[in-house]
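Asker: Sequence:
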Amino acid sequence: MVDVGESVPSCAQLADVNGVIEEEFTMARLYISKMKSEVKSLVNRSKQLESAQMDSNRKMNASERELAACQLLISQVGILNQNPTDILKTHGQVSGALGPLEMVDVGESVPSCAQLADVNGVIEEEFTMARLYISKMKSEVKSLVNRSKQLESAQMDSNRKMNASERELAACQLLISQHEAKIKSLTDYMQNMEQKRRQLEESQDSLSEELAKLRAQEKMHEVSFQDKEKEHLTRLQDAEEMKKALEQQMESHREAHQKQLSRLRDEIEEKQKIIDEIRDLNQKLQLEQEKLSSDYNKLKIEDQEREMKLEKLLLLNDKREQAREDLKGLEETVSRELQTLHNLRKLFVQDLTARVKKSVELDSDDGGGSAAQKQKISFLENNLEQLTKVHKQLVRDNADLRCELPKLEKRLRATAERVKALESALKEAKENAMRDRKRYQQEVDRIKEAVRAKNMARRAHSAQIAKPIRPGHYPASSPTAVHAIRGGGGGSSNPTHHQK
Numbered sequence: 001m002v003d004v005g006e007s008v009p010s011c012a013q014l015a016d017v018n019g020v021i022e023e024e025f026t027m028a029r030l031y032i033s034k035m036k037s038e039v040k041s042l043v044n045r046s047k048q049l050e051s052a053q054m055d056s057n058r059k060m061n062a063s064e065r066e067l068a069a070c071q072l073l074i075s076q077v078g079i080l081n082q083n084p085t086d087i088l089k090t091h092g093q094v095s096g097a098l099g100p101l102e103m104v105d106v107g108e109s110v111p112s113c114a115q116l117a118d119v120n121g122v123i124e125e126e127f128t129m130a131r132l133y134i135s136k137m138k139s140e141v142k143s144l145v146n147r148s149k150q151l152e153s154a155q156m157d158s159n160r161k162m163n164a165s166e167r168e169l170a171a172c173q174l175l176i177s178q179h180e181a182k183i184k185s186l187t188d189y190m191q192n193m194e195q196k197r198r199q200l201e202e203s204q205d206s207l208s209e210e211l212a213k214l215r216a217q218e219k220m221h222e223v224s225f226q227d228k229e230k231e232h233l234t235r236l237q238d239a240e241e242m243k244k245a246l247e248q249q250m251e252s253h254r255e256a257h258q259k260q261l262s263r264l265r266d267e268i269e270e271k272q273k274i275i276d277e278i279r280d281l282n283q284k285l286q287l288e289q290e291k292l293s294s295d296y297n298k299l300k301i302e303d304q305e306r307e308m309k310l311e312k313l314l315l316l317n318d319k320r321e322q323a324r325e326d327l328k329g330l331e332e333t334v335s336r337e338l339q340t341l342h343n344l345r346k347l348f349v350q351d352l353t354a355r356v357k358k359s360v361e362l363d364s365d366d367g368g369g370s371a372a373q374k375q376k377i378s379f380l381e382n383n384l385e386q387l388t389k390v391h392k393q394l395v396r397d398n399a400d401l402r403c404e405l406p407k408l409e410k411r412l413r414a415t416a417e418r419v420k421a422l423e424s425a426l427k428e429a430k431e432n433a434m435r436d437r438k439r440y441q442q443e444v445d446r447i448k449e450a451v452r453a454k455n456m457a458r459r460a461h462s463a464q465i466a467k468p469i470r471p472g473h474y475p476a477s478s479p480t481a482v483h484a485i486r487g488g489g490g491g492s493s494n495p496t497h498h499q500k
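Here the sequence shown is numbered in full-length UniProt numbering, starting from 1 and rising by one per residue.
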């Protein structure tokens with residue numbers, strides 16, 4: 001026989017345990033809400049990083065456009081380099097005009113001095129124009145070099161910013177995974193606590209039933225001991241009536257417990273459905289996050305390929321600059337040779353005029369000066385031969401430069417076509433990325449709307465459920481517990497634990 005006084009403190013202990021469990025549930029709900037706010041902040045941070053990446057892509061596109069403009073200016077400078085060839089042509093014409101002087105008599109050279117002076121003035125004007133063109137080309141090349149350096153520094157800054165954003169994104173993803181693991185562990189802990197709570201409630205119900213039985217037995221013993229002197233028939237009737245009353249009381253208790261158990265099972269099933277839906281939504285979001293990460297990796301690979309192509313273009317540009325510098329060296333040598341030729345021509349004209357004057361003055365003298373005139377004529381012929389040799393060498397150099405010019409133009413056209421192809425590929429990749437981003441945003445908005453509608457419907461439905469009051473038990477907490485558990489992360493639970 002069990003003492004009744006020993007079973008009464010166990011109910012108080014059960015009530016204390018229920019209070020502790022409810023406090024732990026409230027703490028878990030608060031922690032889950034805090035984790036949700038942190039996850040939202042991380043999602044906003046990832047969106048900010050995506051916008052920063054788009055800004056860096058726009059800056060890279062602007063730098064590529066500026067590089068194309070610089071290449072166009074370089075091609076224009078190459079076209080301007082063809083102007084010194086015109087000077088060589090005019091020099092060839094002048095040398096052709098000076099060629100017949102080898103066979104002209106000294107007496108006939110007096111009237112051609114004015115023509116030589118005019119030709120000399122024209123050549124000097126063309127030399128000044130050539131110097132102006134060369135100075136202009138030098139200034140433009142310097143400006144292009146400075147601009148290319150600025151573009152390289154801007155590209156390095158954008159690369160550093162992209163690397164920093166990538167590191168921040170990786171840190172955010174790590175934090176998200178950690179928070180998801182914490183949410184999962186908390187949901188598992190809440191499920192375990194819910195199972196313990198159900199076990200304690202069941203044990204409390206069984207103890208309350210045993211307590212009622214013991215009290216009934218005690219009453220029966222008391223009645224039997226008090227009514228020993230009464231008749232046996234009356235005692236039996238009283239015992240039967242008491243037994244019927246106890247059976248009715250036990251039946252009412254059993255029905256109340258069954259109703260409470262059915263309500264609790266319905267609530268547990270509803271919560272399990274909500275947890276399953278949240279788990280499915282979490283899986284969808286994880287798949288979308290993986291898709292976004294794969295798209296980001298693809299875009300990163302494409303950016304690296306574009307950077308490699310840009311480096312190749314910069315190398316080609318450097319080679320072109322080197323070729324241009326070589327051409328400048330050739331132009332400088334040609335200009336020096338032209339200057340020496342011009343000086344020789346001046347000396348030749350001055351010597352020729354002086355000799356003509358002397359020959360006119362010596363015409364009145366005797367014929368003994370014919371040997372000196374022959375020496376002068378031979379000296380002039382030697383000078384003319386040297387001038388013709390220099391002219392032929394310049395013509396050969398000009399022909400070599402003209403042969404190299406089509407090759408350089410062909411290379412320039414090939415690089416321009418490559419740049420256009422790269423720009424078209426970059427534009428297509430950007431359009432594809434924008435379409436994928438819009439599609440993902442629409443899908444996320446649709447999922448958010450669906451989840452919001454489901455939450456509103458569940459809140460409206462859960463507000464109509466009344467929590468029963470069990471005998472010997474504290475009143476249940478407000479229905480906000482359902483909402484707090486409903487808004488948790490993607491935890492997993494086994495439906496078989498709810499079946500008894």
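A portion of the hints provided could be inaccurate.
[Unchecked claim] Pairs of lysine-lysine, DSBU-like flavour, derived with a Cα cap of 35 Å: (1) 273 x 438; (2) 184 x 346; (3) 298 x 138; (4) 346 x 374; (5) 346 x 182.
Please keep in mind that the hints were generated in silico from the structure rather than gathered at the bench.
Keep in mind that this is a model prediction, so the values were computed, not measured.
Asker: Taking the numbered hints from earlier one at a time, note which ones the structure violates and give those numbers from smallest to largest.
Answerer: Failing hints, ascending: 2, 3 and 5.
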